[in-house]
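Asker: Which chain is which? The protein sequence lines are E, B, V and P, in order.
The numbering used here applies: residue 1 is where the first sequence begins, and numbers increase by one.
The numbering used here applies: residue 1 is where the second sequence begins, and numbers increase by one.
The numbering used here applies: residue 1 is where the third sequence begins, and numbers increase by one.
The numbering used here applies: residue 1 is where the fourth sequence begins, and numbers increase by one.
Some hints here could point you the wrong way.
With the Cβ distance kept under 7 Å, some of the chain P side facing chain E (calculated, not the full set) [stated by the list, open to error]: (1) Gln8; (2) Leu10; (3) Lys339.
Using 25 Å as the maximum straight-line C-alpha spacing, the simulated SDA-like pairs for lysine to any residue come out as follows [unchecked claim]: (4) Lys267(P) <-> Asp27(V); (5) Lys104(E) <-> Lys340(V); (6) Lys100(B) <-> Lys267(P); (7) Lys339(P) <-> Phe450(P); (8) Lys104(B) <-> Gln326(P); (9) Lys100(E) <-> Thr30(V); (10) Lys67(B) <-> Tyr61(P).
Calculated from the structure, these hints are not laboratory results.
This one's a predicted model, so the numbers in the text were calculated from it and none came from an experiment.
Backbone N, C-alpha and C fix where the C-beta goes; we use that ideal spot for every residue, glycine too.
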Amino acid sequence: MHLAPAAAGGHGNLDLMGALFVFMLATFIGLMAIQRVSRLLHTPLMSLTNAISAIAVVGAIIVSAGKDQPGFVTALGLAAIFCSTTNIVSGFLITDRMLKMFRKRDGGAK
Amino acid sequence: MHLAPAAAGGHGNLDLMGALFVFMLATFIGLMAIQRVSRLLHTPLMSLTNAISAIAVVGAIIVSAGKDQPGFVTALGLAAIFCSTTNIVSGFLITDRMLKMFRKRDGGAK
Amino acid sequence: MSAEALVQPLYLVATALFIMSLRWMSDPETARKGVASGVAAMTLAVAGTLAGVAAGGGTHYVWILGAFALGAAVGYPLAQVPLTAVPQRTALSHAFGGMAAGLVGTGKFLLYYGRSDAAALSPFIVVALVAEVLLGFLTFTGSLLAAGKLQEVKWIPQRPVTYPLQNLVNFALFGAALALGAALVLHPLAPWAPWAFGGLATLSLAFGVLLILPIGGADMPTVISILNAYAGLSAVAMGFVLNNKLLITAGALDGSSGLILSVIMCKAMNRSFFNVLFGAFGQAQQTAAGDAAQVYKEDTPESAAQIMAQADLVVIVPGYGMAVAQAQHKVRELYDLLKKRGVNVKFAIHPVAGRMPGHMNVLLAEAEIPYDDLVEMDDINGDMPHADVALVIGANDVVNPAARTDKTSPIYGMPIIDADRARTVYAIKRSKAPGFAGIDNGLYFLDKTFMLFGDAKSVVGELARQLGEGNQA
Amino acid sequence: MSAEALVQPLYLVATALFIMSLRWMSDPETARKGVASGVAAMTLAVAGTLAGVAAGGGTHYVWILGAFALGAAVGYPLAQVPLTAVPQRTALSHAFGGMAAGLVGTGKFLLYYGRSDAAALSPFIVVALVAEVLLGFLTFTGSLLAAGKLQEVKWIPQRPVTYPLQNLVNFALFGAALALGAALVLHPLAPWAPWAFGGLATLSLAFGVLLILPIGGADMPTVISILNAYAGLSAVAMGFVLNNKLLITAGALDGSSGLILSVIMCKAMNRSFFNVLFGAFGQAQQTAAGDAAQVYKEDTPESAAQIMAQADLVVIVPGYGMAVAQAQHKVRELYDLLKKRGVNVKFAIHPVAGRMPGHMNVLLAEAEIPYDDLVEMDDINGDMPHADVALVIGANDVVNPAARTDKTSPIYGMPIIDADRARTVYAIKRSKAPGFAGIDNGLYFLDKTFMLFGDAKSVVGELARQLGEGNQA
Ligand SMILES: NC(=O)c1ccc[n+]([C@@H]2O[C@H](COP(=O)([O-])OP(=O)(O)OC[C@H]3O[C@@H](n4cnc5c(N)ncnc54)[C@H](OP(=O)(O)O)[C@@H]3O)[C@@H](O)[C@H]2O)c1
Ligand SMILES: NC(=O)c1ccc[n+]([C@@H]2O[C@H](COP(=O)([O-])OP(=O)(O)OC[C@H]3O[C@@H](n4cnc5c(N)ncnc54)[C@H](OP(=O)(O)O)[C@@H]3O)[C@@H](O)[C@H]2O)c1
Numbered sequence: 001m002h003l004a005p006a007a008a009g010g011h012g013n014l015d016l017m018g019a020l021f022v023f024m025l026a027t028f029i030g031l032m033a034i035q036r037v038s039r040l041l042h043t044p045l046m047s048l049t050n051a052i053s054a055i056a057v058v059g060a061i062i063v064s065a066g067k068d069q070p071g072f073v074t075a076l077g078l079a080a081i082f083c084s085t086t087n088i089v090s091g092f093l094i095t096d097r098m099l100k101m102f103r104k105r106d107g108g109a110k
Numbered sequence: 001m002h003l004a005p006a007a008a009g010g011h012g013n014l015d016l017m018g019a020l021f022v023f024m025l026a027t028f029i030g031l032m033a034i035q036r037v038s039r040l041l042h043t044p045l046m047s048l049t050n051a052i053s054a055i056a057v058v059g060a061i062i063v064s065a066g067k068d069q070p071g072f073v074t075a076l077g078l079a080a081i082f083c084s085t086t087n088i089v090s091g092f093l094i095t096d097r098m099l100k101m102f103r104k105r106d107g108g109a110k
Numbered sequence: 001m002s003a004e005a006l007v008q009p010l011y012l013v014a015t016a017l018f019i020m021s022l023r024w025m026s027d028p029e030t031a032r033k034g035v036a037s038g039v040a041a042m043t044l045a046v047a048g049t050l051a052g053v054a055a056g057g058g059t060h061y062v063w064i065l066g067a068f069a070l071g072a073a074v075g076y077p078l079a080q081v082p083l084t085a086v087p088q089r090t091a092l093s094h095a096f097g098g099m100a101a102g103l104v105g106t107g108k109f110l111l112y113y114g115r116s117d118a119a120a121l122s123p124f125i126v127v128a129l130v131a132e133v134l135l136g137f138l139t140f141t142g143s144l145l146a147a148g149k150l151q152e153v154k155w156i157p158q159r160p161v162t163y164p165l166q167n168l169v170n171f172a173l174f175g176a177a178l179a180l181g182a183a184l185v186l187h188p189l190a191p192w193a194p195w196a197f198g199g200l201a202t203l204s205l206a207f208g209v210l211l212i213l214p215i216g217g218a219d220m221p222t223v224i225s226i227l228n229a230y231a232g233l234s235a236v237a238m239g240f241v242l243n244n245k246l247l248i249t250a251g252a253l254d255g256s257s258g259l260i261l262s263v264i265m266c267k268a269m270n271r272s273f274f275n276v277l278f279g280a281f282g283q284a285q286q287t288a289a290g291d292a293a294q295v296y297k298e299d300t301p302e303s304a305a306q307i308m309a310q311a312d313l314v315v316i317v318p319g320y321g322m323a324v325a326q327a328q329h330k331v332r333e334l335y336d337l338l339k340k341r342g343v344n345v346k347f348a349i350h351p352v353a354g355r356m357p358g359h360m361n362v363l364l365a366e367a368e369i370p371y372d373d374l375v376e377m378d379d380i381n382g383d384m385p386h387a388d389v390a391l392v393i394g395a396n397d398v399v400n401p402a403a404r405t406d407k408t409s410p411i412y413g414m415p416i417i418d419a420d421r422a423r424t425v426y427a428i429k430r431s432k433a434p435g436f437a438g439i440d441n442g443l444y445f446l447d448k449t450f451m452l453f454g455d456a457k458s459v460v461g462e463l464a465r466q467l468g469e470g471n472q473a
Numbered sequence: 001m002s003a004e005a006l007v008q009p010l011y012l013v014a015t016a017l018f019i020m021s022l023r024w025m026s027d028p029e030t031a032r033k034g035v036a037s038g039v040a041a042m043t044l045a046v047a048g049t050l051a052g053v054a055a056g057g058g059t060h061y062v063w064i065l066g067a068f069a070l071g072a073a074v075g076y077p078l079a080q081v082p083l084t085a086v087p088q089r090t091a092l093s094h095a096f097g098g099m100a101a102g103l104v105g106t107g108k109f110l111l112y113y114g115r116s117d118a119a120a121l122s123p124f125i126v127v128a129l130v131a132e133v134l135l136g137f138l139t140f141t142g143s144l145l146a147a148g149k150l151q152e153v154k155w156i157p158q159r160p161v162t163y164p165l166q167n168l169v170n171f172a173l174f175g176a177a178l179a180l181g182a183a184l185v186l187h188p189l190a191p192w193a194p195w196a197f198g199g200l201a202t203l204s205l206a207f208g209v210l211l212i213l214p215i216g217g218a219d220m221p222t223v224i225s226i227l228n229a230y231a232g233l234s235a236v237a238m239g240f241v242l243n244n245k246l247l248i249t250a251g252a253l254d255g256s257s258g259l260i261l262s263v264i265m266c267k268a269m270n271r272s273f274f275n276v277l278f279g280a281f282g283q284a285q286q287t288a289a290g291d292a293a294q295v296y297k298e299d300t301p302e303s304a305a306q307i308m309a310q311a312d313l314v315v316i317v318p319g320y321g322m323a324v325a326q327a328q329h330k331v332r333e334l335y336d337l338l339k340k341r342g343v344n345v346k347f348a349i350h351p352v353a354g355r356m357p358g359h360m361n362v363l364l365a366e367a368e369i370p371y372d373d374l375v376e377m378d379d380i381n382g383d384m385p386h387a388d389v390a391l392v393i394g395a396n397d398v399v400n401p402a403a404r405t406d407k408t409s410p411i412y413g414m415p416i417i418d419a420d421r422a423r424t425v426y427a428i429k430r431s432k433a434p435g436f437a438g439i440d441n442g443l444y445f446l447d448k449t450f451m452l453f454g455d456a457k458s459v460v461g462e463l464a465r466q467l468g469e470g471n472q473a
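Can you build the whole structure from these sequences, using the hints too?
Answerer: Next up, the structure:
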């Protein structure tokens, strides 16, 4: 199935420690960034990160696009694309909708 | 010179993008962490990061310990170990010496 | 290698944009930039993946496009729900997210298995696959159930469902799932492996239900935050499977966000994670019967409006009732009228007022109340003794002084808004029923407290009408 | 692979500890934990590397141990310098750090070259090597020169050294270095490559000197911060060469720290990076001659002590002069005596008072003044109008009101401490000489200002003696 070595990254030389490194660093960043988020914005924050978690769409595309694979694998991938896309679209849209409402005292949208 | 593939990481499959990823994430962490440092502590912060930059000692050890290499390469490595070690020792010691001085109103060290 | 060279830089940029997206959320001034950069990141990620797949000779593009279109068609209306339904929409989205991860994991496993690809099914990959599928499917059913509880769907029990040995049963099921996972790691190509995988998926689906059943509807906000973290972690696991650093990073950002928000909620409720997940809170509350003897004093909106019109500082404490009654626009009217009379009006926002973190802020922002007047609990409490009137609108637990004084109260130790320290307190609610924690509130029995019984929207509307008339007179 | 499996987890933990080390620096309460975790991280890093090297069949251990011992022997006394010498010690350390990176890069290149190892000298590796050596050696000489300027070594010019076409010459040299680097990338194994490499190293060493020469001694703090960033980046480059993620992370942490501190300093001085590096600041200052006609009022420590004893709030504004005079312990005495008399005493800390960021905080901490009484500029300025006395001890530019009002002043726009808004100002300095920026200070000519000429240590000592006597009387 190495039709998409680029995106799939080739398992041959899977760099376990590199992946763990990235995971650890990203977790630090996440913790530090979220702690700074104003309490005012915790509801939009939840829907924003919700949209970000739909990054699973990347994996869904890779699975869907495989050539010479059983149809049901493609079907699983397509279903996953559908699920992730609802998330992406609704997550970003509703976040923006909420944020548009926040106004400083002297009027004027944001 | 692949006597230390572990530490040197083997150039064969050098993971350029992985390295860039790590660099970017670490820079984000650095920027976020330093911005939070109390102004009170900027002087100790300088000497602490100074000590951290002596991490170059890792490279110095790898170069020094190479077998079957010209003597001057080893010598360069040893000089680098010396330089880094002065940094490590003096950097951490002076940082701690300064920090010991910071006291809250109600006495008690630190 | 050329596809790699194309895709990886795009992923790097997408990662940076995701990080900036979260950083820009730190301030309402820059938050919309955060959304824009999130959208840009996602676009780059999808474009990069499509390009990489195309370079590698992928196929099924028409189908993929169709799936995108369908997803967008469903997602768009989901973004138009009223703001009171945001918690359940978020839960529903987590369900979709978990489902996607579970499906991708299942697809990958079956693909490798079908090809007898022992190299691809290395122990590490299988561990990641198992984690992905477990977390993904568990998030799917758990979030669906949570959404149902929040939406108060009829046939889904609101109250915690408990039965004997519940936690034991759960742990046994979890152990079984882990055992199946371990078996798969050791023998990924055994003839029974697809069955084991199916069993694992089924157990995960069941586990999601069982985990959420014993948790009361009111604890759902904390739970959906934890499910958010799970969804993020399943994306991380997928990143490990695909050796994709973008997935790992974005998933980790999501995971830490869910974790921190739930920690914040737990702290603001003075409860532990463990207690939320396994404590079946709110289930065994009994109200001290003797308290029923105490009496409420009622007052009319007319006289309340008069008192408020003469105040220097009115602090409004909104709570879940304001959200349910959709009273925020009437509150805005009241705010405007009081301001016009020179009264200083502030909103006291408790971190867990309502049913999700930041709930009150969004509702009041919807009514275009400037966010400078929304003051956090810790900042307003110092000013409460100077407030002439504290107007409590559909808030209950977050102003219950028992949290400060009564060691036997289930909410003892939870930080509250000191409404009882204001000179006069007006409290709007529909009945004498307790709030979410199911306990009586001593605030209502104070000498300085007057009840305004009724639906928040109509009572506040009446207050505003009175003030408006007084204005014209 | 087994060595890899051993070393990498150690590196991962070391990285986490380095990050925690910086995070703990955010608060004086946890800062010493930060040092401990930095030490632990470094120990793990060294131990892991030694283990990895041993597993790979390394040698020369006795020599390595010797180098460690020698480094420790030199490092220990370097940590015992007086606190006033901290800036030059830091610069000296950067020099060592840059040297180490340069030497490692050189060693690596010569090693690969000697083995005609074309695979190891891939374009990417050579780019990283060139960056490492360039940054390393440049940091080495630049930092040495900066240390010399800070220590006010006699034969090193304090004033900026400028000559015609200076920036042009520098850019030409830099271009030549880049050209050599490019040639090396294209032909790393050419017979002339070692010469090119040597040329690159020499140019880098020269470049470090030329970059720092035109910068005045007083701009050195900003410069050493930038050099700190360079040292970090050279460690990053080394990490790229060795494919070592620990080096990359630690280097990036260091690089961003240097960057942010220099940005903070530039902002607090209202100058740009470019201006600091290429502006030869302080070189062409001329004092407006007319101002000399204005007169100072002098006062005696006796009467100053009396006024302070009767004050409610005394704000002490320390500056570089306090550091030079080592007056902090006398200041502590003064602080204690005033407190004993019930006077409220605060310290107003300007971000660039002294000669490095946080300089005043360290000195006052050394004198055991509790850090709760060290107030940052933005926080104290609102209180200045309520201060009965502002006592300026060897500060000058940071209290110069010209920064607020005089658009022609070189420090116009720099945020200052509003000492001139206090009811009475006492200013301690030795002479009528201007401060670092070389300009007159209108504060000294105000009606409410009284000068206390003399060395800070002796004047403050005298103030304390007067107060102490009054106490006993
Ligand atoms: N925000 C979060 O993230 C979060 C997360 C988890 C848990 N929680 C919990 O949720 C609770 C939130 O506290 P809270 O004070 O906001 O709410 P609450 O304690 O649930 O009280 C809400 C009050 O509003 C009244 N009410 C309901 N509908 C109304 C209507 N239409 N008009 C007028 N009044 C109405 C109710 O009384 P009547 O029935 O008499 O009208 C009730 O007493 C806390 O216990 C918190 O721990 C919050
Ligand atoms: N802190 C940093 O990070 C940093 C970085 C870069 C640049 N700078 C610059 O450094 C300056 C710092 O301002 P500052 O107000 O602290 O210092 P300053 O403007 O340099 O003034 C110091 C004053 O102290 C007096 N003084 C010197 N030795 C003394 C002694 N032994 N006893 C008593 N007085 C003495 C001097 O006057 P006499 O000679 O008359 O005694 C001088 O006027 C700013 O211009 C800032 O931009 C600081």
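Asker: Taking the hints in turn, state whether each one holds.
Answerer: To see whether the hints hold, each was checked on the structure:
Interface restraint check for Gln8(P): the shortest CB-CB distance to chain E comes to about 4 Å, inside 7 Å, so the restraint holds. Evaluation of the Leu10(P) hint against chain E yields a violated restraint, the C-beta minimum of about 11 Å exceeding 7 Å. Given the 7 Å rule on beta carbons, the hint for Lys339(P) is violated: about 37 Å separates it from the nearest Cβ of chain E. This hinted pair checks out: Lys267(P) and Asp27(V) have alpha carbons roughly 22 Å apart, not beyond 25 Å.
In summary, the hint linking Lys104(E) to Lys340(V) is supported, as the alpha carbons are separated by about 18 Å, within the 25 Å threshold. Distance check on the hinted pair: Lys100(B) and Lys267(P) sit about 29 Å apart at the alpha-carbon level, beyond 25 Å; violated. At most 25 Å may separate the alpha-carbon atoms for a hinted pair to count; Lys339(P) and Phe450(P) meet this at roughly 23 Å. With a C-alpha separation of about 22 Å, the suggested pairing of Lys104(B) with Gln326(P) holds against the 25 Å cut-off.
Restraint check: the Cα-Cα separation between Lys100(E) and Thr30(V) comes to about 11 Å, which is no more than 25 Å; the hinted pair holds. Of the supplied pair hints, the one linking Lys67(B) and Tyr61(P) holds, its CA atoms being roughly 11 Å apart against a limit of 25 Å.
Of the hints listed earlier, those the structure fails to meet are numbers 2, 3, 6, in rising order.
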